[in-house]
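J.: Sequence:
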Amino acid sequence: MNIEFSSNRVMKLCTKIKKAQKKLGVDMARILFRRLKQLQSFECLEDVPPFPPFRRHKLKGDYNGFFSVTIKDGYRIVFKPIIDFDRQVEEVPLSDIKKIQIWEVTDYHG
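Using this note's numbering, read the sequence shown as starting at 252 and increasing by one per residue.
These aren't lab readings, by the way, just hints derived from the structure by calculation.
Among the hints, erroneous ones may be present.
Calculated lysine to any residue pairs in the SDA-like style (CA-CA distance at most 25 angstroms, straight line) [said to hold, decoys possible]:
(1) Lys-331 to Lys-349
(2) Lys-263 to Glu-342
(3) Lys-323 to Gln-339
(4) Lys-288 to Gly-312
(5) Lys-311 to Lys-273
(6) Lys-323 to Asp-335
(7) Lys-274 to Asn-259
(8) Lys-263 to Ile-282
(9) Lys-273 to Phe-293
(10) Lys-267 to Asn-315
Restraint-style ranges between C-beta atoms, simulated for each label pair [claimed, not checked]:
(11) Gly-276 to Ser-346: 10 to 20 angstroms
(12) Gln-272 to Gln-339: 14 to 24 angstroms
(13) Lys-350 to Asn-315: 16 to 26 angstroms
Heads up, the beta-carbon is just placed ideally off N, CA and C, and yes, glycines get one too.
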């Protein structure tokens, strides 16, 4: 799966290990980078497991139309599917989603 980033800040957090370690801690940064490599290895969003350790799930409320996967504890990678054409996420099978845009790495429960 192809991964893009919503901003330079998010891109640096997800590509610069020292930046991630400073913000998230050594252990969380290590797991973040592992999870990102795993996401890249999947062909489409349907291949990302909805059960642990990923727990892929669709978000609601302020994050309507977004998905997340677990990093560790309450931390999640929040991303938006990139869909060709003017279709709603609900109209597109997960097997057709082959590109995502990461919006943030956060503990949105806390």
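J.: If a hint holds in the structure, say so; if it does not, say that too.
T.: Hint by hint, here is what the structure shows:
1. Lys-331 to Lys-349: Answer holds: Lys-331 to Lys-349 is near 11 angstroms, not above 25 angstroms.
2. Lys-263 to Glu-342: violated (32 angstroms)
3. Lys-323 to Gln-339: violated (30 angstroms)
4. Lys-288 to Gly-312: Violated: Lys-288 and Gly-312 sit about 28 angstroms apart, past 25 angstroms.
5. Lys-311 to Lys-273: violated (30 angstroms)
6. Lys-323 to Asp-335: violated (31 angstroms)
7. Lys-274 to Asn-259: With Cα atoms ~15 angstroms apart, Lys-274 and Asn-259 stay inside 25 angstroms; holds.
8. Lys-263 to Ile-282: Distance of about 16 angstroms is within 25 angstroms: holds.
9. Lys-273 to Phe-293: Between Lys-273 and Phe-293 the Cα gap is close to 28 angstroms, so the pair fails against 25 angstroms, i.e. violated.
10. Lys-267 to Asn-315: At roughly 28 angstroms apart (the allowed maximum being 25 angstroms), Asn-315 and Lys-267 break the hint.
11. Gly-276 to Ser-346: 10 to 20 angstroms: The hinted range 10 to 20 angstroms is violated for Gly-276 and Ser-346, with Cβ atoms some 35 angstroms apart.
12. Gln-272 to Gln-339: 14 to 24 angstroms: violated (38 angstroms)
13. Lys-350 to Asn-315: 16 to 26 angstroms: This hint holds: roughly 19 angstroms between Cβ atoms.
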